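From first to last, the protein sequence lines stand for chains A and B.
Taking our numbering, the leading residue of the first sequence gets 1, the next gets one more, and so forth.
Taking our numbering, the leading residue of the second sequence gets 1, the next gets one more, and so forth.
Among these hints, one or two may not hold up.
[As the list claims (entries may be wrong)] Derived DEER-like restraints, expressed as beta-carbon distance ranges:
no. : chain 1 : residue 1 : chain 2 : residue 2 : range
1   : B       : Ser41     : A       : Leu11     : 33 to 41 Å
2   : A       : Leu11     : B       : Lys16     : 39 to 47 Å
3   : A       : Gln2      : B       : Val114    : 26 to 34 Å
4   : B       : Arg63     : A       : Pro18     : 28 to 36 Å
For the record, the hints were derived by calculation from the structure and aren't laboratory data.
Quantities reported herein were computed from a predicted structural model and do not represent experimental measurements.
The beta carbon of each residue, even a glycine, is placed where N, CA and C say it ideally should be.
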Amino acid sequence: SQTIHQWPATLVQPVGSPLSLECTVEGTSNPNLYWYRQAAGRGLQLLFYSVGIGQISSEVPQNLSASRPQDRQFILSSKKLLLSDSGFYLCAWSGIAEKLFFGSGTQLSVL
Amino acid sequence: AQKITQTQPGMFVQEKEAVTLDCTYDTSDPSYGLFWYKQPSSGEMIFLIYQGSYDQQNATEGRYSLNFQKARKSANLVISASQLGDSAMYFCAMRELDSDSWGKLQFGAGTQVVVTP
């Protein structure tokens, strides 16, 4: 069966520090991968998606970037965090079927 | 423009009662999929039910059913026999299947459901 791992679960970072959130998927090959952000009490906003290694599409211009160095690995990064980057970040994957399966999320607090 | 609208920010429902969560959507794409996800306080997003735009019958998954009214562009979630563990935020989402937006889910703002004993 397929599983998705996302870490860390929580992260507190100072403004201006770098960020790296990692997501890996097991049990499937060539998944579509996604990074979503959820502000407190709100719905999810798609940040990046990838249909293959090295292929990244950005939905929202921002301080963040994404990379897919391996088929089942998706990384969300920032060189310098802003206060507005705080939020709950969710990685997700999908196959040929329509459903998205989400990781457990990372709560990022930028102070 | 907002493509998914959930007009109920919060609802209280008594245990064992049924509850309907409203969702309306906006798309000009003839091929799309509609989803409902549950997000408990732990934060994980749990897939509940899916309805394709060409599906003739309303989707059902256990205690969850989707009341799909295509002409009205609504996809309401019905939870029957509510349980205390159903207390969570519920999100409606849509995936348009044209080539530009393939694979991307658009979410509504969510409805917070609290089940009371």
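How the hints compare with the structure:
1. B:Ser41 <-> A:Leu11: 33 to 41 Å: violated, 19 Å
2. A:Leu11 <-> B:Lys16: 39 to 47 Å: holds, 40 Å
3. A:Gln2 <-> B:Val114: 26 to 34 Å: holds, 32 Å
4. B:Arg63 <-> A:Pro18: 28 to 36 Å: Violated - the Cβ-Cβ distance for B:Arg63 and A:Pro18, about 45 Å, lies outside 28 to 36 Å.
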